[in-house]
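When the letters of the sequence shown are read in order and numbered with the numbering used here, they come out as residues 1144 to 1262.
You may find that some hints are simply not true.
What the hints assert, rightly or not - Below, computed lysine to aspartate or glutamate pairings styled on DMTMM-like, alpha-carbon distance capped at 25 Å:
no. : residue 1 : residue 2
1   : 1152      : 1243
2   : 1259      : 1223
3   : 1152      : 1223
4   : 1194      : 1176
5   : 1216      : 1176
6   : 1164      : 1201
7   : 1259      : 1243
8   : 1152      : 1167
9   : 1164      : 1183
It should be emphasised that the hints constitute simulated quantities derived from the structure, not laboratory data.
Everything numeric in this text was worked out from a predicted model, so none of it was measured.
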Amino acid sequence: MLNEHYGQKVYLARGHTDLRKAIDGLAGIVQLEFNLSPFESSLFVFCNRNKDKLKILEWTQSGFWLHYFRLEKGRFQWPDQTDESSPLGITWRELRWILDGLPLKPAKFHPSVQSKYVF
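Make the full structure from the sequences, and use the hints.
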């Protein structure tokens, strides 16, 4: 399981990625297509065409981790490819939503409340 690290960013590769790629291929996408360094403290998340598999590339102080997650049933709520080739920056909370099968933007949040009391 992934552990959240303070200040660690999360980037989603929009659309689908050929998940036959391993660490070097995914790091190449990060560097050449996203113009980001794969060696920064970030998670780079990739999804396959069927939206049922994810790979997450993570750099630690001494090497890369490649996390792989396959759904046995269902699909991820994954953002479609846009005209932009840049990745979508999201929060850890939004990554957990995706891993749990929720869309990035849930339909309804609890409403904001302004306190009418002064303390």
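Here is how each hint holds up against the structure:
Our distance criterion of 25 Å between C-alpha atoms is met by residue 1152 and residue 1243, whose separation comes to about 19 Å. For a cut-off of 25 Å, the pair hint linking residue 1259 to residue 1223 is broken: about 42 Å separates their Cα positions. For the proposed pair residue 1152 and residue 1223, the alpha carbon gap of about 20 Å is at most 25 Å, so the pair holds. Note on residue 1194 and residue 1176: the hinted pairing holds, with a Cα-Cα distance of about 21 Å set against a maximum of 25 Å.
For the given pair, residue 1216 sits about 31 Å from residue 1176 by alpha-carbon distance, which is inconsistent with the 25 Å threshold. Under the criterion of a C-alpha separation no larger than 25 Å, the hint pairing residue 1164 with residue 1201 is consistent with the structure, at around 15 Å. Of the supplied pair hints, the one linking residue 1259 and residue 1243 is violated, its CA atoms being roughly 36 Å apart against a limit of 25 Å. Distance hint between residue 1152 and residue 1167 is fulfilled; the C-alpha atoms sit about 20 Å from each other, no more than 25 Å.
Between residue 1164 and residue 1183 the CA atoms are separated by roughly 20 Å; this keeps the pair inside 25 Å, and the hint holds.
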